[in-house]
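Number of protein chains: 2
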Amino acid sequence: MNFTIKSKDSRGRIGTFETAHGFVRTPNLMPVIHPGKQTIDISKFDADIVITNAYLIYKDEKLKSKALNNGVHDLINFDGSIMTDSGSYQLSVYGDVEVNNQEIIEFQEAIKTDIGTSLDIPTPPYSTRTKTEEDLKVTLNRAKEAKGIKDNKKMNMLLNSVVQGSTFPDLRSKSAKDLSALNCDIYPIGAIVPLMESYHYSDLVDVIMSSVSNLPDSKPRHLMGAGHPMLFSLAVAMGCDLFDSAAYILYAKNDRFLTIRGTYKLGDLHEMPCSCEVCSKYTPDDLRAMDKKERTRLIAEHNLHVSFAEIRVIRQAIIDGSLMELVEERSRVHPTLLNAYRKLGDYSNNLEVYEPRVKKSAFFYSGAESLKRPEVTRHLIKLDEMNKKRDLAILPPYKKPYSNHLPDKLGDFYVYGDEMEIDLDNIDFMVADIPFGLVPLNIDEAYPLSQHESPKIKDIDGIEFVKSFLLDFVWNYSQILIHSNVAEDYQLCLYRTHPQSNIIDFKINDHDKIKAIADYQFGNKVGDALFKGEIEIEKSKKTGKIRHVYCDGKLVANMRASDSYFVLAKKGAIRLHKAIKFPKNRVVVNADSEPFTREGKSVFSKFVLNCDSNIRANDEVLIVNENDDLLAFGKSLLNCNEMMNFNVGQAIKNRSGYLRC
Amino acid sequence: MNFTIKSKDSRGRIGTFETAHGFVRTPNLMPVIHPGKQTIDISKFDADIVITNAYLIYKDEKLKSKALNNGVHDLINFDGSIMTDSGSYQLSVYGDVEVNNQEIIEFQEAIKTDIGTSLDIPTPPYSTRTKTEEDLKVTLNRAKEAKGIKDNKKMNMLLNSVVQGSTFPDLRSKSAKDLSALNCDIYPIGAIVPLMESYHYSDLVDVIMSSVSNLPDSKPRHLMGAGHPMLFSLAVAMGCDLFDSAAYILYAKNDRFLTIRGTYKLGDLHEMPCSCEVCSKYTPDDLRAMDKKERTRLIAEHNLHVSFAEIRVIRQAIIDGSLMELVEERSRVHPTLLNAYRKLGDYSNNLEVYEPRVKKSAFFYSGAESLKRPEVTRHLIKLDEMNKKRDLAILPPYKKPYSNHLPDKLGDFYVYGDEMEIDLDNIDFMVADIPFGLVPLNIDEAYPLSQHESPKIKDIDGIEFVKSFLLDFVWNYSQILIHSNVAEDYQLCLYRTHPQSNIIDFKINDHDKIKAIADYQFGNKVGDALFKGEIEIEKSKKTGKIRHVYCDGKLVANMRASDSYFVLAKKGAIRLHKAIKFPKNRVVVNADSEPFTREGKSVFSKFVLNCDSNIRANDEVLIVNENDDLLAFGKSLLNCNEMMNFNVGQAIKNRSGYLRC
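Just so you know, the protein sequences line up as chains A and B, in that order.
Start counting the first sequence at 66; every next residue gets the next number (my numbering).
Start counting the second sequence at 66; every next residue gets the next number (my numbering).
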């Protein structure tokens, strides 16, 4: 399995893997093709891969002999990649199948499927624990057996191993861990259809998160039986890469239209529900007047158009870095889906690891749920870690970046804590705002502190969130100076205006600013270590933004205009390496790759021996050998887990040759 | 103008009006056709009506003579309805035009346009008040002049009168009122494009709401220059019926794609953004490789596909009664749009008048914003009005309908207020839930108290909303019994368990229930008046739900299964008429229509003389003459304002002949 990731956002990934019949892009949808009864021509849809049922072929003498003679690709007339299911579904429905695990594995290889599946035991939601544990043992044994057969017979086909475990998160985790150890190729998450059909989406979140968190990042995951496009974006954000849709045809047969907003029955439709070819050409009355077969074909085409369009929208959102914005939007179509998204808030720390630290797109606040997004969690932790001065001044929000839009007179400040004489050099100035709580003015240009938008009319969830953080955070300071507007917005009962209120003022100091941003980006006190000696700051003539920082005449770092993060120059990398201790901010590569890395070549995952657990995608990282000799520096394309886990693909874009933007 | 409404939801309406070139459905989009340079063939889009610019035709000798000779329909090759603009846009851009108001009005009639426009003065957002007032005077005078010319010359064309007034809500209101008095045919709302371009959507809400609230309901409103489908649903929910799109082609020329989620530049696209024919057939790379002309044509087609699809989705939502759910979903695409929707919460009382009391679809809670929806406001007012017993027992929510899913043992109750001996007959039992605050158990099957869904994981906005209502509402009672789960959910600091806590129990009493529902539906004490004598209740054998209520052997009312509202029988109507005083629940019709009404014919708006201001669409109403003699009874299809305002179309579906469901 040679899965590689090209772009990531949250746990969602744009990637590709190769089968004997070509490349498969992810995220993707695999239309289900019935081996005997397919009526829809899927060739006009841009499907890389389809799924069909090996057991149905196996059971039907005619199909079986055709498939054995000419292969499954010929049988279903599709020359892209084909995944086959093993009969587990039939097992779950009828209680028994007329084939065993070894037979179906060997049969799938014999018909030249690209991805085969072992005969797992589906454990439906809300099963008993005893039954689930028993079934899991069988599933694991069959997966082991399948892997053994594949390895022994040097089979060409890729192997699915299905994660089961009903609705017990710990059993899903165990199942995922056990199967991961087998090093199979693709990990489906099974037996979740009843959860979807009964709108138990929040339990689905637990099932998926406990599974994916214990699966290798380097393998694609398939959310088995998920064919409703309404769920795709949430599932992708949780790390699912593949979906399969029998829904497109099953729903069509019942005159039902899939849409991002739910399902519509033809009988209820006065207007066609989307922009697709079918919806643009026909009216509901036209369809009702057609014969069943033609109507079914057209509705199935609509269903596929909608499903593939959603896959495209999701891919674009990953590339744009706006996947969570898409999920937040989609989750409003039904309160149970919104509930599921709220549930996902419990996994904020888990998602944070997969969230790139800087992105192209702005952070959009779409309601209370946005408060639990990893970007917010991460910033609050950074605030706690940062060095504090004696006093804290809290300002109301202005136009962003706040520090560029301060009024001439800041206004009145109340005192909280011990009233002391004002010392302007001993005050941290921060803006109180939803959702980031407090934003220090000297780092307010750094992503996402200026790159976010919230509605001006506030909700109570947002207010309470900021207020409760603020009331906790002020304990770090001796004297707190709270602007009268802030006191009003957050209903802080303060009455004592500071007698020197009128002299409180913030003036941006570029030296402080570059050091504070370096601290925010790389860790406390890095700013002082990075920028020492005679500091010279070069700004853009057009925008006035900081572009380059030189110390003693040498370029140390460049500041990226879009997110105000530093991109290191060689001198900066050397200083950073000195300033922070191993393994912080380091990626350790093996000896073999050392020469290539020194030459400025990109680092591939397979060379990575170790990695700071705090590294996220898009970080500026140091590349070292096992002795912590600095070999190079660059931009991480993956996070710590992924770099360790992948064996193919790039991990770091080497920037050692980099001098200027 | 013969505008009629077929279906309504919030302020949105599905309607039709007729021009000399056929019927126009609403809501609708009018693609802008450039009279000289049109390159896109719009015939494949289902456009009822297009808009073109009379001034551009007037100024171009060739176009002018063609249009005067063969008519504008021949000129732009469109045989549906055509609206023409007057040159106001050019006036706003260039400061002057080479035509006066009378000339352009007469020219529009001469080229046989279906809907013409007077030469109004666009007052852009954030103008000075003085300037706006001056311009408004000119606009009003020109509208008057145009109407005079039209009436004098008995012109065939319909007449637009544009509401102006910059961002001053009171001036918008005045402009709307003044123009309404002229009885023109269609009311555009003008000069709002800069608000949309600068994302000032919340000001747009004020502008639209202050305009539509002062325009006649019986005339279509056109949101002039609004061509981005992202905004359509919100605008329709505020009462806009027509949009025009030059955006489809202007954006296409800049390689920009309109979508419901915003605008995408081709340069940023890795995947095509929708399910339309263009997006399904081509990739962004395909488009980038094309010549400009072909690419522009395809992107324009995509833009029209998306825009018309959104119009269809909106129409379906109005019919389904789920327009606000659609708006809440769409408003999540950008925080400024969410802000606008939050702003609309200020107009909840205004929207309530237009909100049908019962609908087909369930109420979905999508976040804090849903708390301001008219359904919630309306229920809380009803709660305040209802008769109260001595005690109030507050229960936690169960599966809906709550009263059907109570546990055998209710659990522990804390006392709040004066502890007294439990008298089960003297307790109002209510469930505390988001968003409806408190739901009395004996009416909990009535719409929307069971027909709503909220996420199980609560937000603070919802909790605080219910809590604050509850803390206020309990003052109506002497003793309040609060279930321990409620105390916990809403963090009520209560410690005293009622000593008789264990005997507190709710048993449904059908007689109480039908009376309570009648009170909820028709007003206090109506239940007692409607259901007296020997009451016999017939239930559905299948569902156990109440279907018919007889008193002394005669059918009084039927209960509708879907929403548990009563549909009156003749005896019920007579009793209701006696029980509540004029003009409550009445529609007064004129003498001419009396015989038809008595015969059971539907009531048309033009016959309506008066109407209880509390009547909403879908209410069961009494039809009386000026002496308050009961003529008939039926279901209102419009609300009070609309019945009074319309001169064509049905107002009430007569149910006098109605006996059983």
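Simulated from the structure, these hints should not be mistaken for laboratory data.
There's no promise every hint is true.
The list makes no distinction among identical chains, and a pair is therefore deemed to hold if it is satisfied within one copy or across any two copies.
Taking lysine-lysine pairs in the BS3-like style, the calculated list, with each CA pair at most 27 Å apart, reads [claimed, not checked]: (1) K590 x K607; (2) K196 x K474; (3) K358 x K242; (4) K102 x K131; (5) K124 x K212; (6) K606 x K532; (7) K209 x K177; (8) K357 x K218; (9) K635 x K604; (10) K437 x K521; (11) K437 x K523; (12) K465 x K408; (13) K523 x K408; (14) K239 x K643; (15) K465 x K124; (16) K447 x K209; (17) K671 x K447; (18) K218 x K242; (19) K671 x K718; (20) K196 x K109; (21) K464 x K330; (22) K239 x K408; (23) K465 x K619; (24) K619 x K643; (25) K718 x K102; (26) K330 x K607; (27) K447 x K643.
Status of the hints after comparison with the structure:
For the identical chains of this complex, K590 and K607 are neighbours neither inside a copy (31 Å) nor across copies (74 Å), given an alpha-carbon limit of 27 Å. For a Cα distance limit of 27 Å, the shortest separation of K196 from K474 qualifies neither inside one copy, at 70 Å, nor across copies, at 32 Å. In this assembly of identical chains, K358 and K242 lie within 27 Å of each other by CA distance neither inside one copy nor across copies; the values are 46 Å within and 55 Å between. Only within a single protomer do K102 and K131 lie at most 27 Å apart by alpha-carbon distance; the minimum there is 15 Å, versus 59 Å between protomers.
Taking identical chains as interchangeable, the C-alpha atoms of K124 and K212 lie at most 27 Å apart only when both belong to the same chain, with a minimum of 23 Å there against 79 Å between chains. For the homomeric pair K606 and K532, neither the shortest alpha-carbon distance inside one copy (39 Å) nor that between copies (55 Å) is at most 27 Å. For the identical chains of this complex, K209 and K177 are intra-copy neighbours only, at 21 Å inside a copy versus 80 Å across copies, given an alpha-carbon limit of 27 Å. For the homomeric pair K357 and K218, neither the shortest alpha-carbon distance inside one copy (47 Å) nor that between copies (55 Å) is at most 27 Å.
For a Cα distance limit of 27 Å, the shortest separation of K635 from K604 inside one copy, 20 Å, qualifies, whereas the shortest one across copies, 83 Å, does not. When the C-alpha separation of K437 and K521 is checked against a cutoff of 27 Å, the pair qualifies both within a copy, at 19 Å, and between copies, at 17 Å. In this assembly of identical chains, the alpha carbons of K437 and K523 lie at most 27 Å apart whether taken from the same copy (16 Å) or from different copies (14 Å). Taking identical chains as interchangeable, the C-alpha atoms of K465 and K408 lie at most 27 Å apart only when they sit on different chains, with a minimum of 22 Å there against 31 Å within one chain.
For a Cα distance limit of 27 Å, the shortest separation of K523 from K408 qualifies both inside one copy, at 23 Å, and across copies, at 11 Å. Taking the shortest alpha-carbon separations for K239 and K643, neither the intra-copy value of 41 Å nor the inter-copy value of 71 Å comes in at or below 27 Å. With identical chains, the CA atoms of K465 and K124 are never at most 27 Å apart, being 66 Å at best within one copy and 46 Å at best between copies. Taking identical chains as interchangeable, the C-alpha atoms of K447 and K209 are never at most 27 Å apart, the minima being 44 Å within one chain and 65 Å between chains.
When the C-alpha separation of K671 and K447 is checked against a cutoff of 27 Å, the pair qualifies neither within a copy, at 31 Å, nor between copies, at 68 Å. Taking CA atoms no more than 27 Å apart as the test, K218 paired with K242 passes inside one copy only; the shortest distance there is 25 Å, against 85 Å between copies. Within a single copy, K671 and K718 get their C-alpha atoms as close as 14 Å, which meets the 27 Å cut-off; across copies the closest is 75 Å, which misses it. Taking the shortest alpha-carbon separations for K196 and K109, neither the intra-copy value of 44 Å nor the inter-copy value of 59 Å comes in at or below 27 Å.
Only between protomers do K464 and K330 lie at most 27 Å apart by alpha-carbon distance; the minimum there is 26 Å, versus 47 Å within a single protomer. Taking identical chains as interchangeable, the C-alpha atoms of K239 and K408 lie at most 27 Å apart only when both belong to the same chain, with a minimum of 21 Å there against 49 Å between chains. Taking the closest pair of Cα atoms, K465 and K619 never come within 27 Å of each other, the shortest separation being 32 Å inside a single copy and 71 Å across copies. In this homomeric assembly, K619 and K643 come within 27 Å of each other (Cα to Cα) only inside a single copy, at 17 Å, whereas the closest approach across copies is 95 Å.
For the identical chains of this complex, K718 and K102 are neighbours neither inside a copy (49 Å) nor across copies (49 Å), given an alpha-carbon limit of 27 Å. In the homo-oligomer, the alpha carbons of K330 and K607 lie at most 27 Å apart only across protomers (24 Å), although the nearest pairing inside one protomer, at 57 Å, exceeds that limit. For the homomeric pair K447 and K643, the shortest alpha-carbon distance inside one copy (22 Å) is at most 27 Å, but the shortest distance between copies (71 Å) is not.
Hint check: violations occur at hints 1, 2, 3, 6, 8, 14, 15, 16, 17, 20, 23, 25; the rest are consistent with the structure.
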